[in-house]
Amino acid sequence: MAKYLVIVESPAKVKTIKKFLGANYEVVASNGHIRDLPKSTLGIDIEHDYEPKYITIRGKGGKLAELRRQVKKSDKVYLATDPDREGEAISWHLATALKLDMKKTARITFNEITKPAVKASLKQPRDIDMNRVDAQQARRVLDRMVGYMISPLLWAKIKRGLSAGRVQSVALRMLCDREEEINSFIPKEYWDMNAILNVKGEKKPLTVEFYGDGNGKMEITGKEQLDGIIKELQNADFTVKDVKKGSRSRKSPVPFITSTLQQEASKTLNFSTQKTMRLAQQLYEGVDIKGRGTIGLITYLRTDSTRISDTAETQVREFIDKTYGAENITKEVNTSKSNKKIQDAHEAIRPTDVNITPAEVKEQLSRDLFRLYQLIWKRFVASRMASAVYETTSVKVAADKYIFNASTSKLNFQGFMQVYTDSDSEKVTTDNVIAKLTKESELSLVEFNENQHFTQPPAHFTEAVLVKALEEQGIGRPSTYAPTITTIIARRYVTKEKKNLYVTELGEAVNNVMKTAFSAIVDLNFTANVESLLDMVEEGKVEWKTVIRNFYPDLDAAVKSAEKKLEKITIADEESDEICEECGRRMVIKYGPHGKFLACPGFPECRNTKPYLEKTGIPCPKCGKEIILKKTQKGRRYYGCIDNPECDFMSWQKPSTEKCPECGGYMLEKGNKLVCADATCGYVTDLKKKEEVK
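Be aware that the sequence shown starts at 1, since it is given in the UniProt record's numbering, and climbs by one per residue.
Mixed in with the good hints there might be a few duds.
[Unchecked claim] Below 20 Å or equal to it, Euclidean Cα-Cα: the simulated SDA-like pairs (lysine to any residue) are:
(1) 673 x 616
(2) 545 x 529
(3) 622 x 657
(4) 63 x 37
(5) 378 x 359
(6) 396 x 447
(7) 670 x 684
(8) 396 x 232
(9) 401 x 243
(10) 76 x 25
These are calculated hints, taken from the structure and not from any lab test.
Build the full structure now, drawing on both the sequences and the hints.
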């Protein structure tokens, strides 16, 4: 009998796949990559057309020897690594390292680890797709060039151990740009106003919201303007000008792709992107289910396609018909509106068998695995269900020359919402008074409710929002989002507090160097363009080394230019005013994992260190002592009193020595403006003008 060898990436898949195949098949794992570029050198032969120098990864010699023994005993080898670019490259590396006879070797892929999918893949063997391999090689070489050529400059300028990355540096820049937006944001005052009305014959009052006048919507920007409008309306007659009744439908969602799964798991389950991908990997590779054995519960987790197979389409429609009724099956499938290139060889992330409901597997899964599977299952079923339908009523109320609005909606047909509501689902409140209004309804004023508000700065990025922004900008691909975010947090360029991401002092320093010396590398459009070129390599439209040939000279020139600039900068440690208590030397300012600290220059004889208190020369608005620049435990910078904890003053923005001419309070620096710290005062002036006055 012939002997067949199937090589997969992960040991977790071995057990699952082995039970699908007969005794003639041996299934072994490569444990990921076998070969890679060397860690100690650039590993790219610049002089010989950028040829990569691959070596066996340290510690993988034993695994390679084991695979060679298995190959010798086999009549045919099936390379069954993951169905993406990286998986294709691993298959190519395996074929090269094992010196496989390609006449007796085949590449197989499956989008889900189920018996039908694995069996079907064996009937559709193919050659290794070198276009996909080359797209991955190009990505690897580009990333290596950026990392190994720029990182040493960061070591010289800031501290050893820092790193730059083609995608991670752009993500860091996006976070820094958002931080600048927030810090320079100046709030603007606005008011909203509601009229509380009695409706003849109704016990419950009617609340209508101020909209504007006959010319359109009006913003109320101050108390004086508001009081003027209220004065005009005190004796006005309120009448129903228009009543519109109608219906509105809300389309079912599309199935998850990698980015949307990460976003929704973050919002609804509070999972980090890294945790979501780790749990999804377990669901994909196989879970032991009572009565079914080990089975992959979801399809491949790295995808940007919302397509599903014909088999899955038929199965889910039959399930909806049987469970919820035929009227709940959608007639028109909602599709994602994305202009970027989609790798449509993959399917969306969905259950491998919709009949395996979350309730059935709850006892066999850990709490977090169950919650993620339930989220994926519900989203998939909902994607093939009918739209939700609302009955809507909108009313315009006229008073003098002004218009007020009110609206209500009632859910008439649940459709997909029987199964799934996401974190962005609207909260529907039905107001029967609005629903019963007609043009003949008699209204009388009870009172006005007015509220002062201030515009809010852009929100800090969360992991979910950053993934969405990276995807929208075309930066990175499904497999890169989680590792990129994990890296910038691990490097302490960014800290995570609750769900928000904040740039640390170290992150700001790295970003400033990158923007100054390598502006093209951290340019969003440039990075997105590189991704498009990699897609074109995969399509066979561009030769992969052409991308490298066009990229390297500019990078090399930028590195050499930066080196010259750095030569002009004294890299010596900056001296402080602090004297070392142990040896009497003047202490120096150094960068550590959490930012700046004071250290004795006599190291290693003297190992004294202490926190660096960066003085600002600004008196504390509360007690008059000095304000210093401080950091939270996680590295986020703020301004606080040197006399803490006796004085509890703190501010995220830098206080000014100037007093507010309107209210006498202290001022804050926001970008090129000085703003009164009391938002209700709202005084703003130009910072440069203030400095000129000084």
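- Of the hints given before, which are not true for this structure? none
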